[in-house]
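Engineer: Sequence:
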Amino acid sequence: MRRLIPTLLVLWSSSAQGQELQLLTENYPPFSYSENDELRGISVDQVRAIMKGSGIGFTMEMQPWARAFALAESTPDTCVFTTALLPERKARFKWVQPLVLDRMIMVRKQGQSFQPKTLEEAKSFIIGVHRDDSAETYAEQQGFPQLDSAPSLDISLRKLLSERVQLMIMTNTTYESLKQQGEPIESVLDLEGTRAGIACNLAVADTRIARMQAQLDGLIKDGGQAEIYRRYENTAK
20 MRRLIPTLLV
30 LWSSSAQGQE
40 LQLLTENYPP
50 FSYSENDELR
60 GISVDQVRAI
70 MKGSGIGFTM
80 EMQPWARAFA
90 LAESTPDTCV
100 FTTALLPERK
110 ARFKWVQPLV
120 LDRMIMVRKQ
130 GQSFQPKTLE
140 EAKSFIIGVH
150 RDDSAETYAE
160 QQGFPQLDSA
170 PSLDISLRKL
180 LSERVQLMIM
190 TNTTYESLKQ
200 QGEPIESVLD
210 LEGTRAGIAC
220 NLAVADTRIA
230 RMQAQLDGLI
240 KDGGQAEIYR
250 RYENTAK
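Those letters in the sequence shown? Residues 20 to 256, by the working numbering.
The hints are simulated quantities; they were obtained by calculation from the structure and are not laboratory data.
All values derive from a computational prediction rather than experimental measurement.
It is possible that some hints are incorrect.
To be verified - As a list, the in silico EDC-like pairs of lysine to aspartate or glutamate whose alpha-carbon atoms are at most 20 Å apart:
(1) K128 <-> E202
(2) K198 <-> D121
(3) K142 <-> E159
What the hints assert, rightly or not - Estimated spans, in silico, between C-beta atoms of each pair:
(4) G242 <-> S206: 24 to 30 Å
(5) P164 <-> R250: 38 to 44 Å
(6) G162 <-> K240: 38 to 44 Å
(7) Q160 <-> R86: 22 to 28 Å
(8) P203 <-> Y248: 24 to 30 Å
(9) R249 <-> Q165: 34 to 40 Å
(10) P106 <-> L138: 33 to 39 Å
(11) P95 <-> K240: 29 to 35 Å
(12) S181 <-> G242: 40 to 46 Å
(13) S206 <-> A89: 44 to 50 Å
Backbone N, C-alpha and C fix where the C-beta goes; we use that ideal spot for every residue, glycine too.
The task is simple: from the sequences and hints, build the whole structure.
Structural biologist: In structure tokens form, the structure reads like this:
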């Protein structure tokens, strides 16, 4: 009986290693979005290339961000992207990064006259944020007293355009994409740099993380990541 136990453990380990990874993302153009029932975007294309090159089986699914983030933290063999690498998140996941190097900015509805020039001035306005997003975390850390947290970027944007909130925090890349789509918004304040990637459950094997990171490193080194960015640069969803 004692001889069977190591064998069973090896078989279990091998089976666990062979499990497909469940990759979750959200509707957050131009990084991830659905077009003609197909997931596309700057991050989606990078993640597909990473997974294909690493030889790891996977599924990819779009979920509301708060649900996707919670599932990745609580469910083995699950990852979520595009996830900002914040100090308070670092130890909660295993990371493959960077998919994105960007800046967070504050925007307003086009034509509005108010113009906060500092964070302190911006704190007098109602700020729209995306629930459980890095923008919400940043705003809370900075002590913004009037935050309106919505379940998706689209809902936050609709609130901004209907003047239910006065300002909104987003990445510069998302802002440029929305402008290309004709959304009447304008940048008013530059905030800080942000770094984002794939956040995987702590139970995902280190060997898998290493293989995925090696593929991303290669994608960056050979110009593949830059080419993916160029592909979406002038393409409105």
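Engineer: Does each hint hold? Answer for all of them.
Structural biologist: Tested hints:
no. : hint                      : verdict
1   : K128 <-> E202             : holds (9 Å)
2   : K198 <-> D121             : holds (16 Å)
3   : K142 <-> E159             : holds (11 Å)
4   : G242 <-> S206: 24 to 30 Å : holds (28 Å)
5   : P164 <-> R250: 38 to 44 Å : holds (41 Å)
6   : G162 <-> K240: 38 to 44 Å : holds (40 Å)
7   : Q160 <-> R86: 22 to 28 Å  : holds (23 Å)
8   : P203 <-> Y248: 24 to 30 Å : holds (25 Å)
9   : R249 <-> Q165: 34 to 40 Å : holds (39 Å)
10  : P106 <-> L138: 33 to 39 Å : violated (19 Å)
11  : P95 <-> K240: 29 to 35 Å  : holds (31 Å)
12  : S181 <-> G242: 40 to 46 Å : holds (42 Å)
13  : S206 <-> A89: 44 to 50 Å  : violated (31 Å)
Hints 10 and 13 from the earlier list are contradicted by this structure; the remaining hints agree with it.
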